[in-house]
Amino acid sequence: DAKTTQPPSMDCAEGRAANLPCNHSTISGNEYVYWYRQIHSQGPQYIIHGLKNNETNEMASLIITEDRKSSTLILPHATLRDTAVYYCIVRYEETSGSRLTFGEGTQLTVNP
Amino acid sequence: NAGVTQTPKFQVLKTGQSMTLQCAQDMNHEYMSWYRQDPGMGLRLIHYSVGAGITDQGEVPNGYNVSRSTTEDFPLRLLSAAPSQTSVYFCASDSTGTSGRETQYFGPGTRLLVL
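First to last, the sequence lines map onto chains A and B.
Taking the working numbering, the leading residue of the first sequence gets 596, the next gets one more, and so forth.
Taking the working numbering, the leading residue of the second sequence gets 352, the next gets one more, and so forth.
Okay, chain B solo, but in the shape it has when bound:
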């Protein structure tokens, strides 16, 4: 298993540009999430999905869109990049279940710089 993969690893954007961060997992996990991490801070949840066709907002959703057309893929779209979106973005997945018995697996991250 490759686990959770993310592309690209690094990206530089100009203000106003749009782009899509890719995330894929091969563990047949239903739950997938996107987090951002700013320097010296913990991760903050952007959007998450509990299965194909179902998405919901996290703590900091503004400026980002997601979709979940397949179980494997969960892309994150920046509609119009802003310098405040400069961050490291992590994708995560975990299996279905109840009562917090499952663990989340994280991808290696995408480092985004918006000029």
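Chain A on its own, in the form it takes in the complex:
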């Protein structure tokens, strides 16, 4: 399964866009990129996922490079409640089911 690399921490000013990068240079053609976040040791929360095209939902946008070796999660107007650990995950799938492999993620701190 493809490994991901994320910076350990990032800061962002409240109201500004937060851009969280992720490298996944060994991703294979049928693997999706998922983003989750975890606030205060709560259960991880799904944010967004994509395969090739850029994706947007009510929470965030996901930009995937054309070669699919990296991606960026964009929170367009970060708030204090967006302070969390953000995990970039490449979805590993095998015939008996699918599962998530978590790395250490990026601690995003949104400052007032």
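The hints are simulated quantities; they were obtained by calculation from the structure and are not laboratory data.
Using N, Cα and C, we set each Cβ at its ideal position, and we do this for glycine too.
Among the clues, some could well be false.
Stated by the list, open to error - To be clear about the criterion: a stretch of chain A counts as covered by chain B if any three or more of its residues have a C-beta under 8 Å from a C-beta of chain B, and this derived list gives those stretches: (1) 632-646; (2) 695-706.
Unchecked claim - Just a few of them, taken from the derived set where beta-carbon distance is under 7 Å, the chain B residues facing chain A: (3) Ala353; (4) Pro359; (5) Leu394; (6) Phe441; (7) Phe457.
To be verified - Some chain A residues close to chain B (C-beta under 10 Å, calculated; not the full set): (8) Tyr629; (9) Val680; (10) Tyr682.
Dock chain B against chain A, hints included.
Structure of chain B alone, referenced to chain A:
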């Protein structure tokens, strides 16, 4: 929908004791998983199940047993608790499908301290 529920929220055990962490989901999901998270680290997969009667090992299965007699429930049993099992345990579920199109939903976690 209640989503994914876990009980208890907190538990303190003595070394050698056994216990069962409960997990239930009401979304009719076939896939269910158990993860553990140690301080400052990401989640690691313990066991997972792709449907009733089917379970498989994840990354760190030693010291844990699971069973899946119904679609809704996926209990995790600690056979003989050890201090190394002190952690936060998360249960997750997701729907069947292919090609990673599904999302996993996580429970609120069970905080376990083994003395």
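Status of each hint after checking the structure:
Check result for the segment 632-646 of chain A against chain B: holds, 8 residues qualifying (beta carbon to beta carbon below 8 Å, three or more required). Residues of the segment 695-706 of chain A with a Cβ under 8 Å from some Cβ of chain B number 6, which satisfies the need for three, so the listed coverage holds. Interface restraint check for alanine 353 of chain B: the shortest CB-CB distance to chain A comes to about 13 Å, outside 7 Å, so the restraint is violated. Using the Cβ-Cβ criterion of 7 Å, the hint placing proline 359 of chain B at the interface with chain A is not satisfied: the shortest such distance is roughly 15 Å.
The restraint placing leucine 394 of chain B at the interface with chain A holds, with a minimum CB-CB distance near 4 Å, inside the 7 Å limit. Interface hint status for phenylalanine 441 of chain B: upheld, as the beta-carbon distance to the closest one in chain A is roughly 5 Å, under 7 Å. Hint status for phenylalanine 457 of chain B relative to chain A: holds, with the closest Cβ pair at about 3 Å, below 7 Å. Proximity of tyrosine 629 of chain A to chain B holds as hinted, the smallest CB-CB distance being about 7 Å (cut-off 10 Å).
Interface hint status for valine 680 of chain A: upheld, as the beta-carbon distance to the closest one in chain B is roughly 8 Å, under 10 Å. With a least beta-carbon distance of about 7 Å to chain B, the hint placing tyrosine 682 of chain A at the interface is held under the 10 Å criterion.
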